[in-house]
Every structure is written in structure tokens, then in C-alpha cells.
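Chemist: Residues per chain, in single letters:
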Amino acid sequence: MKTDFILNGEDATGNGHPQESLLDFLVREQGLFALHAPCQRGLCGRCNVTLDGRTVPACLTPVFMVKGREIVTPEGFKVTEDYKRILKVLEEEGLVQCNQCTAAQIFNFQTWLEFNPEPTEEDLRLHAAEIPCRCGTGESLVRGFKRLSGTKEAVRAHRR
Amino acid sequence: MPRPRKSNPDDPHFTVDPDLFDPEAKHLQHVVLLRSEVAHGELLAVSHPLLPPEVRLILPEHLPGAAQFSVYKGKLPLLAGDTVQYRGEPVGLLVGPDRQALKLLAAQFDFVIRKKSMSMSGADEGPFRTRQLTRGEPPADDRPDLQWVEGSYSSGSQDAYLTTPLTVTAVPKNGEIYLHLPTQWPSLVVQAVARALDLEPAKVHVEPLMITAHADSLVWFPALLACHAAVAAQAAGKPVSLHLDKDEEFYFAPKRPEARFSLRTALDASGQIRFMKARISVNFGAWALFDQEILDRILIALLGVYKIPGWQFTAQADRSHTPPRGPVGGYGEALALAALENHSLDLAEAAGLTPLDFKLLNLQGRDNTWLGGHATKDPVPLVRLAENLALLTDYRRKQAAFHLLHQKRREFFEEILPRRGIGLALGFQGNGFTSADLAPASLEVRLETNGKVYIYCGLLSSTTRLFSRWKKLVSSLLTVPERDVRFCKVHSGALPDAGPSTASRSLEMVEKVLIQCCEAIAAKRFRQPLPLVIKRPFRRVKHLHWDDETFSGIPFVSVTWGSCLVELEVNPVQAQLAIKRVVMLIEAGEIQDEKAARTAVLQGVQLGLGWTLLESLAWENHRLARSAFLKYRVPTLRDLPPVDIRFLPSEKYQPPKGLGDIGCQLIAAGVVAAFRQAVHQKTRSLPLTRKIIDDALRSYEN
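One line per chain: the protein sequences are A and B, in this order. Remember, the working numbering sits 78 above the position in the first sequence when you count from 1. Remember, the working numbering sits 355 above the position in the second sequence when you count from 1.
These aren't lab readings, by the way, just hints derived from the structure by calculation. Here the structure is a predicted model, which is why all the values come from computation and not from measurement. Glycine included, each C-beta is placed from N, C-alpha and C at the ideal position. Check before you lean on any hint, since a few could be wrong.
Said to hold, decoys possible - Here are the simulated DSSO-like cross-link-like pairs (lysine-lysine), alpha carbons at most 27 Å apart as the crow flies:
#	chain 1	residue 1	chain 2	residue 2
1	B	Lys890	B	Lys827
2	B	Lys826	B	Lys879
3	B	Lys763	B	Lys732
4	B	Lys844	B	Lys558
5	B	Lys935	B	Lys827
6	B	Lys458	B	Lys1007
7	A	Lys162	B	Lys826
8	B	Lys950	A	Lys80
9	B	Lys470	A	Lys166
10	B	Lys558	B	Lys458
11	B	Lys763	B	Lys826
12	B	Lys827	A	Lys162
13	A	Lys224	B	Lys950
14	B	Lys470	B	Lys458
15	B	Lys593	A	Lys166
16	A	Lys166	B	Lys986
17	A	Lys166	B	Lys935
18	B	Lys826	B	Lys890
19	B	Lys879	B	Lys867
20	A	Lys162	B	Lys867
21	A	Lys162	B	Lys879
22	A	Lys224	A	Lys166
23	B	Lys935	A	Lys224
24	B	Lys1007	B	Lys732
Unchecked claim - Under 7 Å between C-beta atoms, here's a sample of chain B residues computed to sit facing chain A:
#	residue
25	His729
26	Gln947
27	Leu992
28	Pro996
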């Protein structure tokens, strides 16, 4: 089945079975090799993408759901200024990550914050635990995003 | 679609062809590993369905170069030849354009293997290596002035559970081969692939990917996969991608080895250690790589904490028909320290001392000597660490209070209240390998005519911080702008070998060589014409001499010392253990970035807690259960207790030291000590599974 959609802000198209997982489809049709999901069961959060702004695990999303919709992946997010700004703050907070899941972790947090603009520290800690990672940098992520959520709010308040 | 590209068009030394590793490249082929279904047997024949013309089968007889993959003194076959040594061992490669089709095809292969009898331990085939170490004559068992205390301690395996996808891309081009993969040791990949393809090392180029921190298991394993991908790429004459699915990686990638310690110690009347006998067996699976390093580090860890005047140690690297083991979160100190600190509780009990008093009586370092009397340049701070941590955490009062609580509970039989315990452990992390010839650390620095500085080291850190730090360092030493300091992106056999980025070598060894090279360039600059090229290896200074035969000298480039306190509660109703508090006091020289240093220690703590509490792997009938992968859980932030990490200043200035493994080395020992106080039972094995906790609680109640 030919599927047209928007991928990271650009028109994209690909051929895939409607019941195929979006992860396999993106890997094969779009060459997004960084999207290899360790668990393939929607548990690890490593293959999360946004579908019209809402976070979904690509390994459990069938291809027929993406027709005509907008997908943003960590790869697309990684080249944005937002990502660089966030990374800078996180590094100031002691983030020492290997870059394998850094983009996925930051992407997950950022998209989650869109719907939870005023998280408590407990919320942040719970969210940081959603992506299992050996880097042990959850504390840095929590500290960094606590700072960032404040900044974001300040910007929004200023706009209002 | 935006995709990160790697290219430095202005820089002839560092250019990477942006299309070289393009996953969308036309003609990209895939490799699937054909694996043995039998744990041990003789390979008689291979039967398979008719292969489509675009699919290629590679068996051991098709290998173009060496059939063996070797690291230091260990080796294993690239593809199993006549004999299969473990279930899942690669026996062939299937190369073709469609990975899914290849996987379906691989499932139809039938390897005719005559099974061989085997014991679970593989003991009938003998160990890979045995290390024996003796100093002094053991005292007679019936000497009235000595009491012997003995105990057996064991620890389980652990998966590295890498976040790094294990994908190797190999591209043959003009008789050379380009590889793109996550690795800690690019030069090992170069050497291994050169041998496998029978190529000159200068014709093998590796662009390494960032790797997960604490991924010591990636020291050699990616190089083996690189050999498979390179062989397939050369045979196909096209770019090839080899990707291990997470479950495939889980079942067959190297894991932490299981270890068993039988310790027997003679104490005098005052509670001082007089002699220790140890028998250690470490399961290395079907093939042993890094076994000497791991065994030596285990022995050093046994000798490095307490003053032991005489010893008789036998350590052996055992063989079993399971996938090969390797280092995970350190090279063996954690195994030894967990057993030793557990044993020290038995010793303290036998001596009638509190655990802290026993430690203070026996710890090394009061006379500035280490490892059986070898004088050290810097004082060994174990006593200082123990005393300071005890003061900081009110350890003595709490330890006594919990003991009292235990006695009262026995009186009133307060069954449902949580059992509380506190434990203190001491240890160290050795930085660099013990064997100087295991991996070199050499570096080349060039100051070019355009004023730019090029650094060739063939090394990749788990973080960008190290390279940022080195850029600043070089910039200040040579007074060039940071933007003009470049690190080589691609490594080949023509470039110097900095060795693997493990065991804190980057900080402890490579950085020192980098400083020396820059200083040499600075001395020649303005006196000699450009370009200036300095290439240097790391050389140990005289006082760091180590003889691994006699175990004399100082084995590491530097040592990071640490102490750890754990406070926990055991819920007797749910048989659950909850760690309430962890405090770590670490002496690691100068701390340049405290937040990053804390994160590094915390990474180790997280890994160690997983090994101690959650991650349990059991091989039954030489295989992991099919459900093991789904049930395997690594600790996340939700599982982490509050961890207070503090750094103890050195008595005199010491440069920054490695921190990556110290958290992992100590936390298990601390948890076991606290757990033992909480349940008042001798706990002998790790991880502390629900069953062990339950058994301990039942024994306690009885």
C-alpha cells in the first residue's frame, strides 16, 4: 500500500503493508536506522515518534494509521535549534550520555512537556524512568527539564 | 528529510565520505548470522533449501583470511568449524538484499551436529587458565592462637543491556574496507578485520560510533561482528549491514561472568588477619577473552583492601558451553569486593568486633604500603574514608541501634515491622589495565602549516565531554583556537593505537600522552618549520612497575578509592527490599566537573544495583530461558534510592582519576552488608532475589 505522510516537516511516501509496524516501515522505506527499538514491545520508549503531536511507540503503530498525518522522529528533532538548546542546559546539569538514546530521551521529555507544561519533580522523575537506560543520567534529565520547564513557562507568560 | 551527515570538507585528514554509510544506499546487502541449535557437538553437514541467486552462503571454509578472532591471549573462531561450543555460536553467514527474507531462510537451515556429552560446568574439559598465588606458609589448622573462618560466596551474571544498537556497516571500496559501528576499541576492529580479510591494516578504516557508558562488554564483541560484516561485504562486493536484534544480542552477547569464592581466613586473638586461603572459579562460557585480566583484578581486589600477611590463592577461568562472558561495569573487582566484604562480616563476627572496628583494625594504608607491603607514592586513604563516612552518616550509632532493635524484636516478636540494616563497604577501582602489553596507548599530534592541530588517537569516549576537555587542553598548551583542534574521525591501521576507551584509560593514560605530545610540539614550535609531528606511546613511570607473575609492584596507573554506606529495610510481609539511603565517599584526585563526576558514579551505582537486586540470569541446560529476555528488567530512576555522592579531598594534590566503575564496585558489597544486618542471616549469593530474601526471612523467624 502506498502511504503518503509528512516526515520531519517534509513530504514523504512509502510502500508498506497496512498492518506492518511503523518502525519497520520507517527503517525500510526511510532509512531511519537509529530507530532500532530494543524491545519491539512498546516498553523501552526508544522508538517513540510523534503522530500529529502525540507520542506513540513506532513498533506498535500500524502503517495504516499514518496516512496523511505528520510524523516527527528523534532524528528530525535532533537537527532543530530546540534540541541544541535543551542539550546545552542538560549538559550544564551534568548529563553524560552516550548519544545512543540522548535524542530519544530528550525528544520524549520535550513532547511530554507539551502536554504537561508544569510538571512537578515527581512527575519528571516518573517520566525519566520510562526509558530504561544504562547511562544513569535520570537525575540530570530531571534537573535539566525542571529548569527548562520554568524557562518555557516564562517565555509563554511573556508572549501572553 | 534531515539526516545528520559527517563530513569535514576543509580537512583532508578527517574527511568521511558522507554517502559511504548511507543506509539508503543502493545495493545495500544484509547479513544474518546462522547459529548453532546445539550447545556442544561435532558439525557434520549443512542442509538448506535452494538459495535464491541473490543470496550468498558463507561457511568457515569460505573465510578469506584467518579463521580465528583473537584479543591478547584469548581467541575464538569467527565461525564454528568442526566443533560447536555453545548454543547460538555463529556457524555461517547468509548475505542478501532483504533482511526479513534472510531471517526466514535462516530458519530453514539444518545443521547436522553430533551432540557431545557435557557437564554443566564443562569441568571435564578443564579450565582455560589457572592462577596460583602464594606468599608464606599457611599456619597449621590446629594452632591454638588462631581461629579459621570460612565461607563460600557466589554472584550471578548480568547482561550489559546496551542502549547502543549493535549494527555494523561494512563498505568495500577500491580494495579497502570501511566500517561503521559502535566500538570501544577501533584499532582492535582494524586488526581483527585485517586478519579476517588478509588485508593490510592500513586498508581497513573504522568510523566508530558513540557507545553506552559502562559498556565494557563492547571491548571486543563489536570487532567480532565487524569481521562477519567485512567478510560478507568482501564476498558480496557491496555494502553490507549486520544488525543484531535486541533479543539476539541479549542471548548471545557477552555478559558478566558468574563467580564462586571459597574464602578461609586465619584470625589471631586480637582479630587481625594472619593468613587467607581462597579458591575462586569464574565461569567464562565457551571461550575466554580477557580472562587473565579479570582473574588478576579479582586477586588484586582480594589483596587490596585488608592487610593480609600471607596468602594462598587459586583462581581459575572455568569453561562452560554457554556464550562467552566478558567485562561488564569493570573487570572483576566488583565480584571480588562483594565476596570479600561479605567475608569480612563473618570475620568481624568471629572476632567479636563490630564490622567497622574490624575494618579499622585490618585496613591497608596505615603505613603507606599496598598489596603486601609495596610502598605507594600516594597514601592509601581507606582508613580515612572509613572514619569519615562513619562520622558523616552516624554509622556507629545506627549500626548499634539496629542491632538493639533486632534483639527487641526477638523479644516481642514484632513480625510485620520492617527489618532495618546498615552496611559499610570499602574498595577501589584500578585505572588502566594491569598488563602493559594488553593494549598500547599511543597518540600522534600534528601542527600543520595552516595552524590547525590534528590529533590521531583512534579512540572514542562514551561522552563528548572528554573531547571538549581535550580541545581546551590542547588549545591552552599550544595557544591555538579551540575550533582549530581536530580529532580524527576515522581510524585505520596506519594511525597510532590509543587502545580501548575502558578502565578509565582515556583519562589516565591517553590524556597524559596528549599533554606530552603538545609539550613536545610547543618546545619545537618557532624553532623548526611546520608541520610538526609528534607520536608517542604511553610509558609507565618506574614506581608503577608490576610483575603479574609474583604480584609485586603497583598494577594500575592510578587507583580511585571509595567507601559506600547503604541503609535498607526489608519488608517481611512482602519479602521486599527497599534501599533507603546510599552515601558514597570517594577519593578520586582533583574533581574538575562535580556534576559530571557525580553522574559517572551514579551510572555505576545504577549498574551495580541492577546486578545486586534485579538482574538475574540463569542458564538451564546451557541456555537462557526463552522468557528471560522479556522478564529482564534493568533499574531505572524509579528504582534508584537517594544517592549522596561526596568526594574526599586527597591529602596532597592528585590529578583527576577515573570514576566510571567505583559505584558499581562498592554498591553490591554495601547492600549485602546492610541486608545481612537486617535479616541477621549469612547471605552467600547475589543477586538478592525474592527467593533469597524470603528464605532469609524464614530462617530469621525460626
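Chemist: Look at each hint and say if it fits the structure.
Modeler: Against the structure, the hints come out as follows:
Between Lys890 (chain B) and Lys827 (chain B), the direct Cα distance comes to roughly 20 Å. Compliance with the 27 Å bound is thereby established for this hinted pair. About 20 Å separates the Cα atoms of Lys826 (chain B) and Lys879 (chain B), which keeps this hinted pair within 27 Å; it holds. Under the criterion of a C-alpha separation no larger than 27 Å, the hint pairing Lys763 (chain B) with Lys732 (chain B) is inconsistent with the structure, at around 49 Å. Annotation: proposed proximity of Lys844 (chain B) to Lys558 (chain B) holds, straight-line Cα distance about 16 Å (limit 27 Å).
Using a Cα cut-off of 27 Å, the hinted pair Lys935 (chain B) and Lys827 (chain B) is violated, with the two alpha carbons roughly 40 Å apart. Between Lys458 (chain B) and Lys1007 (chain B), the direct Cα distance comes to roughly 60 Å. Violation of the 27 Å bound is thereby established for this hinted pair. Between Lys162 (chain A) and Lys826 (chain B), the direct Cα distance comes to roughly 20 Å. Compliance with the 27 Å bound is thereby established for this hinted pair. A C-alpha spacing of about 50 Å is found between Lys950 (chain B) and Lys80 (chain A), which places the hinted pair above 27 Å, so the restraint is violated.
Among the hinted pairs, Lys470 (chain B) with Lys166 (chain A) is inconsistent with the structure: their alpha-carbon atoms are about 57 Å apart, more than 27 Å. Distance check on the hinted pair: Lys558 (chain B) and Lys458 (chain B) sit about 31 Å apart at the alpha-carbon level, beyond 27 Å; violated. With a C-alpha separation of about 61 Å, the suggested pair Lys763 (chain B) and Lys826 (chain B) falls outside the 27 Å cut-off, and the hint is violated. For the proposed pair Lys827 (chain B) and Lys162 (chain A), the alpha carbon gap of about 21 Å is at most 27 Å, so the pair holds.
The hinted pair formed by Lys224 (chain A) and Lys950 (chain B) meets the criterion: a straight-line CA distance of about 16 Å does not exceed 27 Å. For a cut-off of 27 Å, the pair hint linking Lys470 (chain B) to Lys458 (chain B) stands: about 25 Å separates their Cα positions. Restraint check: the Cα-Cα separation between Lys593 (chain B) and Lys166 (chain A) comes to about 40 Å, which exceeds 27 Å; the hinted pair is violated. For the suggested pair Lys166 (chain A) and Lys986 (chain B), the alpha carbons sit about 36 Å apart, so the restraint of at most 27 Å is broken.
At most 27 Å may separate the alpha-carbon atoms for a hinted pair to count; Lys166 (chain A) and Lys935 (chain B) exceed this at roughly 32 Å. With a C-alpha separation of about 18 Å, the suggested pair Lys826 (chain B) and Lys890 (chain B) falls inside the 27 Å cut-off, and the hint holds. Straight-line distance between C-alpha atoms of Lys879 (chain B) and Lys867 (chain B) comes to about 19 Å, which keeps the hinted pair within the 27 Å bound. Of the pairs offered as hints, the one joining Lys162 (chain A) and Lys867 (chain B) is violated, with about 31 Å between alpha carbons and a cut-off of 27 Å exceeded.
Only pairs whose Cα atoms come within 27 Å are accepted, and Lys162 (chain A) paired with Lys879 (chain B) is rejected, the gap being roughly 39 Å. Our distance criterion of 27 Å between C-alpha atoms is met by Lys224 (chain A) and Lys166 (chain A), whose separation comes to about 14 Å. For the proposed pair Lys935 (chain B) and Lys224 (chain A), the alpha carbon gap of about 24 Å is at most 27 Å, so the pair holds. Restraint check for Lys1007 (chain B) and Lys732 (chain B): the C-alpha separation of about 11 Å stays at or below 27 Å, so the hint holds.
Violation of the interface hint for His729 (chain B) is found here, the shortest Cβ-Cβ separation to chain A being roughly 34 Å, above the 7 Å cut-off. Here the hint on Gln947 (chain B) is broken, as its CB sits about 12 Å from the closest CB of chain A, past 7 Å. A least Cβ separation of about 3 Å between Leu992 (chain B) and chain A falls short of the 7 Å threshold, and the interface hint therefore holds. Annotation: interface hint on Pro996 (chain B) violated; nearest CB of chain A at approximately 12 Å, more than 7 Å.
Violated hints, in rising order: 3, 5, 6, 8, 9, 10, 11, 15, 16, 17, 20, 21, 25, 26, 28; the structure is consistent with all others.
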